[in-house]
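Participant: So the protein sequences, as listed, match chains W and U.
My numbering runs 704 ahead of the 1-based position in the first sequence.
Read in my numbering, the second sequence has 275 at position 278, and its numbers run on one by one without any break.
It cannot be assumed that every hint is accurate.
What the hints assert, rightly or not - Derived lysine-lysine pairs resembling DSS-like cross-links, with alpha carbons at most 27 Å apart:
| id | chain 1 | residue 1 | chain 2 | residue 2 |
| --- | --- | --- | --- | --- |
| 1 | W | K1216 | U | K52 |
| 2 | U | K231 | W | K763 |
| 3 | W | K923 | W | K848 |
What the hints contain is simulated information worked out from the structure, not anything from laboratory work.
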Amino acid sequence: MLDKELKAMIDEVKDGRMDRRGFVQRMLAFGLTAPMATQILAIGGVALAEGPSVYKPTKRGGGGALKLLWWQGPTLLNPHFATGTKDQDGSRLFYEPLACWDPDGNMKLVLAAEIPSLQNGGLSADGKSVVWKLKAGVKWHDGKPFSADDVVFNWEYARDPATATVTIGVHRDIIVEKVDDLTVRILYKKPTPFWADAFVGAPGSIIPKHLFAEYKGAKSREAPNNLAPVGTGPYKFVEFKPGDVIRGALNPDYHMPNRPHFDTVEMKGGGDAVSAARAVIQTGEYDFGWNIQVEDDVLLRLEKGGKGKTVYAVGGDTEFIALNSTDPNTEVDGERSSIKTKHPLLSDPAVRKALSMLVDREAVKKVIYGRAGRVTPNFLNGPEKFVSKNTSWEFSIEKAAKLLEDAGWKAGADGIRQKDGKKLKLLYQTAINGPRQKTQAIVKQACQKAGIDVELKSVVASVFFSSDVANPDTYAKFYADLEMFQIPMSQPDPAQHMRRYHSRNVATKENKWQGVNFPRWVNKEYDATIDAAEAETDMVKRAALYIKANDIMMQDIVFIPVMHRLKVEAAANTLRPVVSGWANETDNLFDWYREATG
Amino acid sequence: MSQYVLRRLMIAVPSLLGISLVLFVVLALAPGDPFSELATNPNVPPEVGAALRAKFGLDDPIYIRYLRWLAAMAQGDWGFSFVSRMNVDTLILQRLPTTLYVIGSAQVVALLVAIPVGVFAATRPYSIFDQIANTLAFIGFSLPTFFTGLLFILIFSVTLDWLPFVYSSDIKATGIRWLFEQVRQAIMPVMVLGLFQAASMTRFVRSAMLDVIRLDYVTTARAKGLGQAKVIVKHAMRNAMIPVVTLIALQMPAVFGGAIVTEQIFRIPGIGSLLISSILSNDTPVVMAVTFVFACLVVLFNLIADILYGWLDPRISFR
């Protein structure tokens, strides 16, 4: 879309000649979706409206008990220490951020009074500061008032390396200052187009200063409230047994009208995804089951005549096969997969291209992911605004074979292609997980038919995803030719996600394999595009840059996208959960309710 | 007697030390680290992981870490969980009542089934009763608990909808209702575990009984004109129980291990499921503490078995 047209449209919205909905619909026609359209309006100087609320109950309480089933139980309740989403989910029952993300990726107000925009003076034109106005009259569960001091304290608490929080990365490079009791200003070192990071969403939950001030820094572990949260949320803390159960009860002083609907909330942990699906969908023992990673035909069977159904949320999670740019079988200075080497087989573009053609995404969707997956030619799959339309994919064993043949890879006596004495033999690793092993089998079969010998390897997830320097089987070490998994995209903005593959982030022995560019892919054009995007405050140009970054990746075939995965949840037929692909499951819990009749 | 117990306790200390050393080394050498989730989180700079490792002394040599653990343990400090950031003893104590309730009930069920069935079968070897009991026992211990657990769930929860299959550690009801709910939710896991235990124990009781029943003193007792019941209960059973006690005592800690699977299936928040989730998240202090507790249990129950021998058969003197 042309900048000019967009600017004209934004002006029309400003002048009131076009309503917000009309604008968003026009944007949809241009291939954008609501979340980014609204962000464009914000940058264009039009205040963001909240996403429409689906909440129906007209009074507080009366919804009875809400029973949630998380097959990995939360183990701690301080959002700053939450190592996994399960802990963020548990903390979010009690603690709240300034704003969260609704199912369309719109920002929704929680503790903030208004969404910062150029128009209301919340955003600065240079993109270097954001002013948040806080809701007045919000109280902590112990009755103390919530104020700007709490927000500033959270920043000080999280950025202190001695506190050892997992949110340090968000808070380290910003400055948060109090303007008055109900206003805070965030200052950025450089123009920051995606400013909704600190204090937003489940990881941005705010803890009370008056209970944690003494426990900043090295004493952080000793805070008694780490296990007994006192927050501002819709439910008050009752009980917590790590890994087992969390209980909460309705907060009669909650700051949102008519909310919450449920009188009590219980989050039970443990077990496995299949039996969680069964307890919600089939027997109705629980109201909601988290992250139901179960094959679709199993879910379809459970849904027949059951008491619940599956619920999907679209985010940007992509299951992919990464191609190693370096040689995992040669040691240089005691390091395998060293950046100083080139992969002997995969450095041939024909081999990369052939491999991409041998991944039958349609079959993977049909056989494995079903309703929980979408076929995609892109690495970056959301929000819609950032999704490239320039790419395509195809599955063809014949074409792949011809491509290899033409590139000089001739089949040997054993049916395996070779060239210059090098055989097309590849090691393909992934984490142990039913769908992944099935995908491996599908890919292996197609490769075999095209004359590529693929050896499969599967590693226990806790080892594969660990950062253990001594272990050779981690994804970051990548001592294989191909590896498959997904990296969750936790924000409706691609900056964080795409930054990983900048060449400065290559995983090496030197950085103890903590670098996040594990395919060890180096592309100057990509680096330049990412750098440009990070400094670009014009949302349209910025989106174009990320689309270009995706296209460069797909051109080089660093990743073969296997499936755009949706979040799958199980819910009772009468429950009206609000889940977003851009947020944690409990992020919109205040909007959940139960329909009187199913 | 007291001297004997004391001596046995003295032997227990070095063996526990040895066990703890082995456990510690194995855990230290095992792959994975407790802060792995931090590594995949793009918000967390690698320095934080490194700082945490340094703070918790994970980068120190193994022997220093072991000595530190030992010193803390000697003072009653069990360490703290990396994952929950709370003390390990609190975590274990939270889980212990549930485990004792479920596993204990299962063990009681096993004994209540195994002893009468085993004894009765032994007194009438190769009768119809004996053959049925044997067949059921063979089926019982050939079916693993994860299979019977699922089968029970499918029958009693899904098809019949009688019993819940998610165990709740604290039921909100009070009085009779509370008791009823407690029993109702424990039926399936207790039966699954109890029947599995009972199956092998029945075979054991039966053969122990068979051995004793043929001995001369039993024949003598009968010849003196004692009633059948008195002969069996007072004379034969007491001696037959010696090997059974050994089995039960040695099985006690193993039941904790076997319960891992059952606890996982029924979502029972017991020690077993704590161990599993701690292993999966590489929460080494918890794994260390729980396995060490198991080791203590093994040593303790061995001691109890030895003492029970003396009570069952005074000919076994304490030397």
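Participant: Run the structure past the numbered hints and jot down the numbers of the failing ones, going up.
Facilitator: Failing hint: just 2.
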